[in-house]
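Quick note, the sequences are listed as chains A and B, same order.
When we follow the working numbering, the leftmost residue of the first sequence carries the number 374, and every step to the right adds one.
When we follow the working numbering, the leftmost residue of the second sequence carries the number 96, and every step to the right adds one.
Simulated from the structure, these hints should not be mistaken for laboratory data.
Treat the hints with caution; some may be incorrect.
Stated by the list, open to error - Simulated crosslink set (DSSO-like; lysine-lysine; CA at most 27 angstroms straight-line): (1) B:Lys257 <-> B:Lys284; (2) B:Lys454 <-> B:Lys304; (3) B:Lys266 <-> B:Lys177; (4) A:Lys481 <-> B:Lys486; (5) B:Lys486 <-> B:Lys120; (6) A:Lys462 <-> B:Lys412; (7) B:Lys486 <-> A:Lys405; (8) B:Lys257 <-> B:Lys186; (9) A:Lys395 <-> B:Lys486; (10) B:Lys188 <-> B:Lys208; (11) A:Lys445 <-> A:Lys481; (12) B:Lys209 <-> B:Lys186.
Chain by chain, the residues run as shown.
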Amino acid sequence: MHPRNVGEIEDADGVGQVGNPKCGDIMKMYLKIENDVIVDAKFKTFGCGAAVATSSIATELIKGKTIDEALKVTNKAVVEALDGLPPAKLHCSVLAEEAIAAAIADYKRRHGLDVDDNQCPGCCKKCETDEEE
Amino acid sequence: MDRKIIYVDHAATTYLKPEVFEQMKPYFTEYFGNPSSIYYLGRESKKAIENARTTIAECLGAQPSEIYFTGSGTEADNWAIKGVAYANRKKGKHLITSAIEHHAVLHAFDFLKKEGFEVTYLPVDENGFVKPEDLAAAIRPDTTLVSIMFANNEIGTIQPIKELAAIAKEKGVIFHTDAVQAMGNIDVKVNELNVDLLSMSAHKFYGPKGVGALYIRKGVRIDSFVHGGAQERNRRAGTENVAGIVGMAAALKLAYENLDEYNRHLRRLSDRLINGVMERIPYVRLNGDREKRLPGNVNFSFRFIEGESLLLMLDMKGIQASSGSACTSGSLDPSHVLLAIGLPHEIAHGSLRITFGEKNTEEDVDYIIDCLAEIVDRLRQMSPLYEDFVKNGEKA
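Working from the sequences, and respecting the hints, build out all of it.
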């Protein structure tokens, strides 16, 4: 396991944390944003191998993108970038998508921009409802 | 295998001892006759099975006619539980077990609940012990079966089986114990313990996979489980796994002959690991009782990290271990055993089980401690829970 972009950004412009310890996955994402472009992204994750992999690849996918482009990175894109995930681990990719959204929402809030209220505020309860088949 | 492998998951399965394999071989190729056939080749197979039955009976202090071969420990558990429940359902439909049983037992009871049986699950204390007074209080006039595991597969806790079985006996209730983890580690004698039924599985004590046995005390009312031919005294049909049965008996005999030495070896390794980890790694707890546990079992919870990530990183170092984290349990919940002993979810998620075996050495233990110290630190550096803890202390 050699995840990329592990760590925190001291003077991050946006920080988002999703998941909860009960379901076994927590992701925290740090973004450095200049002129609405994500110039750096780092993460910390408490979770299984898939959770670490999805958070790592998510940071890779959004680096260099504008925040609007980054918000379009779906869990599907995360799964594709990883060449697939077992069904039981799909909720990890959802968590990665939500972590990006939460960090960007934090950035927008700090800059007085409109935040889409539909975005994940923290634990999405996905972990509790997305029981595997 | 080219890569360095340190196998410390003997509670999952063991390798087959070469000397056991040697004894099995002729029954695959040369003496392949069906034990039910009356000619020479059939009789040779039959003889091998009966010799194996006698060997296992002698280890357990039982009669050979009380040993029944099955396809696995799981099958033995299912047979004991469903067979007794149905055979005694006119007396009552109440059954008792514990909260920390293996799924082979828990899911058999789940099935019976759907069939209209009532099941009481005895709680365990923080070290995983069932309290005898809880059992005494749970037994009712319509109780027909108590099933309590001998030793726990995750945290290694050894139950006071003799005491529990005595309570059931006094109240006239049949007592089953799942001894799959105990066999080969403990000098199990059915009459000293006064158990009525006992399950075992060969691949936990250096025998082959695909074969188990159920001890059924003479006179215990139990239905047949697999219906078909007349094998196993009409009680468990299906052509016998002759080589497997021979292997199970050979492995069990070796285990009983070397119990003391094997125990000392495992205990030395476990103590070294427990002491080393507790000394070098902060925020760790040992799950299960410090003394009354399987000699080769060590189960830790490392705070702020998740068990599956830990397993993957240990695997990269060649260390083959297991965890009670949700990701390895096949659901989103961590191990029911760790929750039953009162661990909060996030701490249960960070569990690691190491189970030593015959070939492990003190060098293995030292290597594991070094790797663990490094990996736990690395995972904590990437854990948002640890970050919160460092910044905000315990309240976070």
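- Message: Holds or violated: Lys486 of chain B and Lys120 of chain B, Cα atoms, limit 27 angstroms.
- Response: This hinted pair is violated, its Cα atoms lying about 62 angstroms apart.
- Message: Given the hinted pair Lys266 of chain B and Lys177 of chain B, is their Cα-Cα distance within 27 angstroms?
- Response: Holds, because 20 angstroms separates the two Cα atoms, which is no more than 27 angstroms.
- Message: Does Lys186 of chain B sit within 27 angstroms of Lys257 of chain B, going by the straight-line distance between their CA atoms?
- Response: Holds - the C-alpha atoms of Lys186 of chain B and Lys257 of chain B are around 25 angstroms apart, at most 27 angstroms.
- Task: Take a quick look at whether Lys257 of chain B and Lys284 of chain B sit within 27 angstroms of each other, Cα to Cα.
- Result: holds, 10 angstroms
- Message: Does Lys486 of chain B sit within 27 angstroms of Lys481 of chain A, going by the straight-line distance between their CA atoms?
- Response: Within the cut-off at roughly 25 angstroms; holds.
- Query: Straight-line Cα separation of Lys188 of chain B and Lys208 of chain B no greater than 27 angstroms?
  - Reply: holds, 10 angstroms
- Item | Agreement of Lys462 of chain A and Lys412 of chain B with the hint, judged by alpha carbon distance not exceeding 27 angstroms | This hinted pair holds, its Cα atoms lying about 24 angstroms apart.
- Query: Within a Cα-Cα threshold of 27 angstroms, do Lys445 of chain A and Lys481 of chain A meet the stated pairing?
  - Reply: holds, 16 angstroms
- Query: Are the Cα positions of Lys395 of chain A and Lys486 of chain B separated by 27 angstroms at most?
  - Reply: holds, 21 angstroms
- Message: Need the status of pair Lys486 of chain B, Lys405 of chain A: alpha-carbon distance at most 27 angstroms?
- Response: holds, 21 angstroms
- Message: Would the hint linking Lys209 of chain B and Lys186 of chain B be met if the CA-CA limit is 27 angstroms?
- Response: holds, 19 angstroms
- For the pair supplied as a hint, Lys454 of chain B and Lys304 of chain B, is the alpha-carbon distance within the 27 angstroms limit? holds, 19 angstroms
Hint check: a violation occurs at hint 5 only; the rest are consistent with the structure.
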